[in-house]
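Listed here are the chains, written in short residue letters.
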Amino acid sequence: MSEKKTSRGIIALLLVIIVIIAGVAIYYATLPPTSPPPPEKPKLKVALILGTGGLGDKGFNDLGYAGCMKAKEELGVEFDYVEPRAVAEFEGFLRNFAKSGEYALIIGLGYYEQEPMSKVAEEYPNQKFAIVDAIIDKPNVMSLMFKEREGLFLAGVAAGMMTKNQKIGFVGGMNIPTIRVRYEGFRDGAKWANPAVEVLPPLYVGAWNDPTTAKEMALALYNQGADVVIHVAGGSGLGVFAAAEEVNKLAMGSDADQCYISPNHIFGSILKKTDSAIFMAIKSVRDGTFEGKTYWLGIKEGGYDMCGMGTGGCESKVDVPDIVREKINEAKQKIISGEIVIPHEIE
Amino acid sequence: MFAFGLSLFKKIFPSLLAVFLAFIIGAMILFILGYSPSYIFFILIEGALVGKLNIGETLTQTAPIIFTGLSVMFAFRCGLFNIGAEGQLYLGAFAATLIGIVFKLPLLIHLPLALLTGMIAGGLWGLIPALLKVKRGVHEVVTTIMLNFVAIFLTNYLVNYHFKKSGTWEPRTEYVASSAQLPRLLPPTQLSAAILIAPVCAIIVYWFLWKTSIGYEIRAVGLNPIAAEYGGISVSKNVILAMSMAGILAGLGGACEVLGTHRAFIQEFSPGYGWDGIAVALLGRNHPIGIIFGALLFGVLRAGGMAVDRRTPVPFDLIFVLQSLIILFAAAPLIPTLIMKRVYWKMELEK
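Residue numbers (the working numbering), protein chains in the order written: chain A, 1 to 347; chain B, 348 to 698.
By construction, these hints were calculated from the structure, which means they are not laboratory data. Be aware that one or more of the hints could be misleading.
For lysine-lysine, the following PhoX-like pairs were computed, each having C-alpha atoms within a straight-line distance of at most 20 angstroms [stated by the list, open to error]:
1) K119(A) with K512(B)
2) K99(A) with K399(B)
3) K119(A) with K511(B)
4) K119(A) with K399(B)
5) K511(B) with K451(B)
Isolated chain B, as found in the complex:
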């Protein structure tokens, strides 16, 4: 038990340290700028975690980040960098909205159909870079970044010129039929059942990657593609599978966002959930459970940041500074690893 606790601690310590260091440096920046760090952090935490509305806001912002985090993680376990979660999210969201608007079906068929369509759209968007990589050797980082812009502007075009709600200038579609809406959990906040679907997805992803032979193959390719190939595992097949799955997860996130949170597709609705997913995958050490907690932290930062923006003269940009610092410390493994080694070495010595 102690050994398990120690190994768990060893796994999460670098992330905790990254968050801790980020907050300390964030506090110093606030102090230098002439604000009281304790007051600002108090507002941040209160604005994210105290009261029904605030908790609702935090969880609303957490759900899509879990999906995009899982998406980035899934590709990464196969040795791929999926920078395209944002675009996959948009396409999944738009496809789900279309189903939600166009069809009139009973709830039990309509909602799953809309979610499924969102997953397929996201998956196909993830398939493109995978095929380009396998057939033509194009690096997926370049293609996924580029496809983000294609997806965002494509949906901009569609929502402005073909599916715009009548009677408003706002670039949004009609509301989806009530039979395609995810139920709200904490009215009047926008929190929807997406927050329940997301952790279930995390568990399914865990099971798929660690308990099935296909998952084993994907991870083998991620660890060492040459060795995997030598061992009879098809690298191409697994690259295609992993990128499609990554797209499916992000697409489902987008579908949940429009069917649950907004009930309509709004132009550029995502404040960067796809990019947050990259950071959260990193912070969560590419583990589904870690990602849930990482996404929760980012949800707290986003919701708390709104309160800071509203109630203090500190701009929301502070949250970006904090996020960036967390990513910096999480991505620079040198510092935590050095400290870890020191601690570990001391423990060995005491034994």
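Next comes chain A alone, as it looks inside the complex:
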């Protein structure tokens, strides 16, 4: 009997809670739908479709978002963004954005969006698209490519000058063309700056999100005598920094400024300026100079740069001798003036 009473009590309590919740819900459901007030003057609107890594990767995707934020602040454009969770969702998102017709430009981040975007771009020939890190040969798609060899050449110069053992190492995310050419650039840059340097063969993690394996690989490189290791491995790169801390050797970051992660061991990061590229694409649409062609962005075009070496704005505390800095500046100048020619084609 008492058991029944308690259970009735519980039921009554639950019902009261549900009624309150339902009351609140109905109250708000009956309010007129409050859509955001329409802006007085229709603003330019762009769409950003992030890679599956999503926001918070401290690299590629965050930089893409930063580029849109910059365009929002400086050019006054609006932007909507989505974070697809699977490669298979790109096509649906792209078509949805294109169908709405609200967007002056639809930006895709990364080569995973190549196939779906070329398909949707064909269906909507009047919609402008931009894609980073892939080439789509269509009049309504702007392809933004980076001169990966050139950027990593600069990193190679820095690593080649910083090494004391005359041995440096490279940890890549995957054994794919776009990473292999970066190794080539890195190797050539190091050899150019310091012909005595030995660049150990590259190691590939096989994933963009596996710091544990990356750490083991970096340790292997340090054990072979390398005292500078660079990573081009996205989220896996954190393992390289952990290894550098463990053996107290030097490391380099990539994509974004990563010096703050381990300021005493990372003396510089090679910056792939996805944000500038996206800003450029949005600006071209605003200015009416949009062209559906492939842009190759290197040091001259502001696509690649370097932080650290006491240039300010970077938290690295590693002591970098003046001669290293001079050599890097020399390399930069010679690349810009065309004295050093680095091919940018990728297989």
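Once you've looked at the hints, dock chain B against the given chain A.
Just chain B now, with coordinates in the frame of chain A:
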């Protein structure tokens, strides 16, 4: 008729209540976060059900969840937890793609052959945990979860290193031959004939489980394996059969997904259809027809969620919150059952 209606109502009421409660709490979360719940839900429903493209997207996302839901349900009716629908889906998808790429055959042979291969691959992947359970007593929850990762990484490896489309860095295979493609129903959306195959499968599963003696044996094992054994039903045989069938259903889902929706195998193409299958089986009260409706709801949530993600500042994660709440209320039978008892008791009293 009234009695039938009442018993049907008794069956579906807990699921409806779970969805209702989930939406109310979802609305409260949205309100606390400073968004207008009515506006967000309006976008959600419009983005899922208004217009050809949106309906196409919803049904595209519904079809694979029906398959995985049936897969989970089939194993559950035999008292087994198939957490491995995701892995079976991947293997079925990859096997079907291989047939689609490698062979050049007339449509009438090629398409059924590709689908069948997908079913066999999924079935074999389901057979492994069943054999381990029967021969070695390994619990199927552990093995099926583990085999998901094996399947996903195995297909990752194959697509990246052996079957990658040339001329792209994207981890995808070549397109399957047109003779192996499921027809599209609503171009330009990706909706394919998979949405027609799925309900047919649901009906076949219903017939198999409830109208045949083998189905009766499977259900008997699920209800009480000891009693079934005593009654002369082989538990081992039915465990193996049920897990294989579960794998076959998920594998067919994967095959339909690549042959219909994507026309190629894409690395990690599934946004978690196998996991959704578990939730949908639960929500559909482990009944084939219930699963169709449950999958439809999840398809609406996924497609509508894309619209919410695109058009509002609310992230797609809201959809996961809603899904999780639905699962929570559907899995916690206490609340609906208590309310049900109360209602039922009152009805008895009035009689």
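Hint-by-hint comparison with the structure:
As the CA atoms of K119(A) and K512(B) are separated by approximately 16 angstroms, the hinted pair is consistent with the 20 angstroms bound. At most 20 angstroms may separate the alpha-carbon atoms for a hinted pair to count; K99(A) and K399(B) meet this at roughly 11 angstroms. Proximity of K119(A) to K511(B) is assessed by CA-CA distance (about 19 angstroms); at most 20 angstroms being required, the pair is judged to hold. Between K119(A) and K399(B) the CA atoms are separated by roughly 19 angstroms; this keeps the pair inside 20 angstroms, and the hint holds.
The suggested pairing of K511(B) with K451(B) holds, with an alpha-carbon distance near 19 angstroms, which does not exceed 20 angstroms.
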